[in-house]
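Visitor: Sequence:
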Amino acid sequence: MKTAVMTASYAGDFDRCALLCESVDRFMRGTWHHHILVERADVTLFRRLEGPKRTVISEAELFPAWLRSFPDPLSLGRRRIWLSPFSAPLRGWHAQQIRRLALARHVEADTLLSIDSDVVLVRPFDPASLWTGNSLRMFRADNGAVNATPGHLAWLAHAGRILGLPPRPDPAHDYISNMVAWRADTARALLDHIEACTGKGWVRAVISSRDISECMIYGRFVDEILLGAGHHADPRSLSHVIWFRETFPQTPEGLDQFMRGLGPDQIAIGVQSFVDHPLSEIRRAAFSVTPG
3 MKTAVMTASY AGDFDRCALL CESVDRFMRG TWHHHILVER ADVTLFRRLE GPKRTVISEA
63 ELFPAWLRSF PDPLSLGRRR IWLSPFSAPL RGWHAQQIRR LALARHVEAD TLLSIDSDVV
123 LVRPFDPASL WTGNSLRMFR ADNGAVNATP GHLAWLAHAG RILGLPPRPD PAHDYISNMV
183 AWRADTARAL LDHIEACTGK GWVRAVISSR DISECMIYGR FVDEILLGAG HHADPRSLSH
243 VIWFRETFPQ TPEGLDQFMR GLGPDQIAIG VQSFVDHPLS EIRRAAFSVT PG
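The working numbering applies: residue 3 is where the sequence shown begins, and numbers increase by one.
Note that these hints are calculated values from the structure, not bench results. Each residue gets a CB set at the ideal place from its N, CA and C atoms; glycine is no exception. Please note: incorrect hints may appear among the correct ones.
Claimed, not checked - Simulated pairs of lysine to any residue, SDA-like, Cα-Cα distance not exceeding 25 angstroms:
#: 1; residue 1: K4; residue 2: S131
#: 2; residue 1: K202; residue 2: N180
#: 3; residue 1: K55; residue 2: F88
#: 4; residue 1: K55; residue 2: E24
#: 5; residue 1: K4; residue 2: L64
Said to hold, decoys possible - Distance windows between CB atoms, simulated:
#: 6; residue 1: R42; residue 2: S282; range: 26 to 34 angstroms
#: 7; residue 1: W245; residue 2: P169; range: 24 to 32 angstroms
#: 8; residue 1: S290; residue 2: L229; range: 29 to 37 angstroms
#: 9; residue 1: F289; residue 2: G230; range: 32 to 40 angstroms
#: 10; residue 1: Q274; residue 2: L47; range: 27 to 35 angstroms
#: 11; residue 1: L47; residue 2: G153; range: 38 to 46 angstroms
#: 12; residue 1: T292; residue 2: E110; range: 21 to 29 angstroms
#: 13; residue 1: P169; residue 2: T46; range: 37 to 45 angstroms
Working from the sequences, and respecting the hints, build out all of it.
Guide: The structure is reproduced here in structure tokens:
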């Protein structure tokens, strides 16, 4: 099985992405290549992370010419916005999702493994282990969108509109995690389906709303269009995550408390970038895990 690992990142997360790359080089097994997807202005910075098994890809290679980033005047240029003639201004997290979807048409692989730049692998992992015969394990928390943040239901509804499905499914599953695997052939079929269903290029269709979740789009396509073909749903997340500041004290002891919750079959941790644990402490905690 050939895996295209993909990480959409930006300059503000460079140090975190560098730690992710270190952990991928240490723990990733099998046949894989890591693609770091960034905007044009960040290519030179991220080229420092390139190597025999890692390539930096500019969004200029992935996006149509009419979708470009510019300094955000409301932040005095500290942040970026993405402008197009077909959408409201988009933020970086929107652009990152579009990059991940776009990569499906640019690589030859069996698996697309999306890993956020604030993730760190802590145990050996071969993505081929996600396959059972011709069926790929897909993260799905059954009816999980109901009790999640309000955005989850809006993301499901937007996915339904561009897929030709009802706005809200019942049950409303959650497919979002910071480390998710897709079938590459299914991801390409998804883009083809969006274009056939909407009569537009898939990028234009996806950005018709800012309520974008590429994981929700893929998950609904698999479950409701393909009826699960080629996949088996699994509620277990590959990574153990701190999603909110309030979950654990932002101290070395709080990080150790979080690490004690790492499941025996979880192979990565994720500490959201707005949670104030120094990278040195995250690195210490991650690389002290006993391999499972």
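Visitor: Of all the hints numbered above, which does this structure not satisfy? Sort the numbers upward.
Guide: 2, 3, 8, 10, 11, 12
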